[in-house]
Amino acid sequence: MQRPASIEKPMDLKQIKSLVQLMIENDLSRIELREGDTHILLRRGHPGTGNPAAAPPVVAPAAPVAATLPPAEQPAARYIRSPMVGTFYAAADPESKPFVGVGDEVEPDTVVCLVEAMKVFNEIKAEISGRITKVLVQNAQAVEYDQPLFEVAPA
Amino acid sequence: MFKRILVANRGEIALRIIRACRDMGIEAVAVYSRADRDAAYLNLAHDAICIGPEPAQLSYLNAAAIISAAEVADVQAIHPGYGFLAENPTFAQMCRDCRIEFIGPSAEAMRMLGNKVEARRLARRVKVPPVPGSPGPVANEDEAVAVAEKIGFPVMIKAAAGGGGRGMRPAHNEATLRTSFRNARAEAEAAFKDGSLYIEKLIERPRHVEVQILADQHGNTVHLWERDCSTQRRHQKLIEESPSPQISARTRAKLCAAAVRLARAAQYYSAGTCEFLVDEDEDFYFLEVNTRIQVEHPVTELVTGIDLVQWQIRIAAGERLKLKQDDVRQNGVAIECRINAESPDDGFRPCPGRIEQYLPPGGPGVRVDTHVYGGYVVSPHYDSLLAKLLVHRGTRAEAVSSMRRALSEFVVQPVKTTIPLHLALMEHSDFVKGNVDTGFVERVMTAGIRGPAPTQAGPQPSKSPGAN
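Chains A and B supply the protein sequences, listed in that same order. As numbered in the working numbering, the first sequence has no gaps in its residue numbers, which increase by one up to the final residue, 155. As numbered in the working numbering, the second sequence has no gaps in its residue numbers, which increase by one up to the final residue, 468.
Chain A with its partners taken away, still in its complex shape (with noise of 0.2 Å):
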């Protein structure tokens, strides 16, 4: 939550599925973006055979951009994310185990944690169904509204 110096500009998956859309409508084999500190390369098709309808396009962002993709950018359904301001814990008390870790597999109604607000524990659904693939914070952690709690891995 502390403000970074500079905000970082997120890689924008809304402008990835356009230039795939755009590849597809012109049956064109290649598209390489730079914009700043950001770099794209869309492929499409089997390289060397010319033919681009034969392969889904492969997306293959520069490395630089792949290392500081905040994970708030993906799509929602692969994260669990905190519906409110509070303090995550991991287990429903300091004696029990935690209620999910990595690998476990959750449905909507799984309650994977707790946050806490004005002193009342709130039970936080998984809403999703998958396999906990990132648990991205600590016990007793302070939280936001929005942030994400567990990385994963769709049914």
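These aren't lab readings, by the way, just hints derived from the structure by calculation. Each statement offered as a hint is correct.
As a list, the in silico DMTMM-like pairs of lysine to aspartate or glutamate whose alpha-carbon atoms are at most 20 Å apart:
1. B/Lys237 - B/Glu288
2. A/Lys119 - A/Glu95
3. A/Lys119 - B/Asp97
4. B/Lys433 - B/Glu204
5. A/Lys14 - B/Asp38
6. B/Lys201 - B/Glu288
7. A/Lys119 - B/Glu101
8. B/Lys237 - B/Glu427
9. B/Lys127 - B/Asp283
10. A/Lys14 - A/Glu35
11. A/Lys134 - A/Asp104
12. A/Lys119 - B/Asp74
With chain A held as given, fit chain B onto it using these hints.
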């Protein structure tokens, strides 16, 4: 003194509070909704916390989210700004119950002054009578006439369920009163499902004059003189100035003394404003008290040289007012124009969108309070205030002249703004003479005065994609 304050607001007033904190060496924690997440002013805060989605109800009006953010950020106080939760006594009490100071008056004073009936009762007690009228709804035509004859024609018939200018009809004599009464009743039934009407004295060509109050928690109360806010449209202020060009020194003194009496009687502390209507005979009537810092507070800051937001913070921290009434002087004249993202030509329709070109005015005597800049996206979720343009000069003639200069320097493209309207008002002979009542803007607009074609001093805007 507080180490850390949470700013429970957005836009220009959030930035104003952040600046006061930075001036005082206090850490400011900003909160924002998802709609405001890219706002540059957030970077001036020590920390910023996202509290909810775009709708104000779920973010800036979400008391639980704000207090949760305050606890998580470990602040000692919350500044509510204006609007949103600023005049919500429940919120003020919640803060204090959570051992977080609320930068404003006591919940009790807020509740009392926020209640129209209680506030008017208090005003009468300290000899600051409100607009004369029937104590409550009148049962029938005959009662309406009796009240009108007692307080004197002309009168205004008002729907009890109306407000903000709706459901009001004037009557200049008994015959009109009787006819209008019947019509008004039918209208009110249809529009508000409540036909109750009450009668109030009609103040013709009223001026809206308000007095700024500052009081500490040790019983010291001072006024910081008045602001004339008569240039308004549908009860929304467009232009404010201090001193008022249309009251005598005697009336000024009486108005300010009345405001102080009122504040003391309510045991008010922090910053607040007493609003009055002044008629052509310079008799004045109590309207209401605003228990918060106001949009137009910089007008008073410029004329008195006193930083109102800093004083709000000091007062909340328990400090004593160092100001003596005799020390508070009005120096020169200050005028403020509220620049909104609205189209006056189109019924003041709000015009959200991206600001491609932004060139603010500057130079001697010019102050611009704003959160916007080139590239800022005006969101449709909140009010349309873009910037407050102020000038402060030695005389009113110089202030009007500098305001004209500043308005014509101000470039905001392609979003439509009220800048052309302000230019037209600033050139209107009534405004220049300082002879303006609350009906002035409506009359000017009905007569069809539009803004002059903007002869912007800045470069021509380039073709802008995404212009709306």
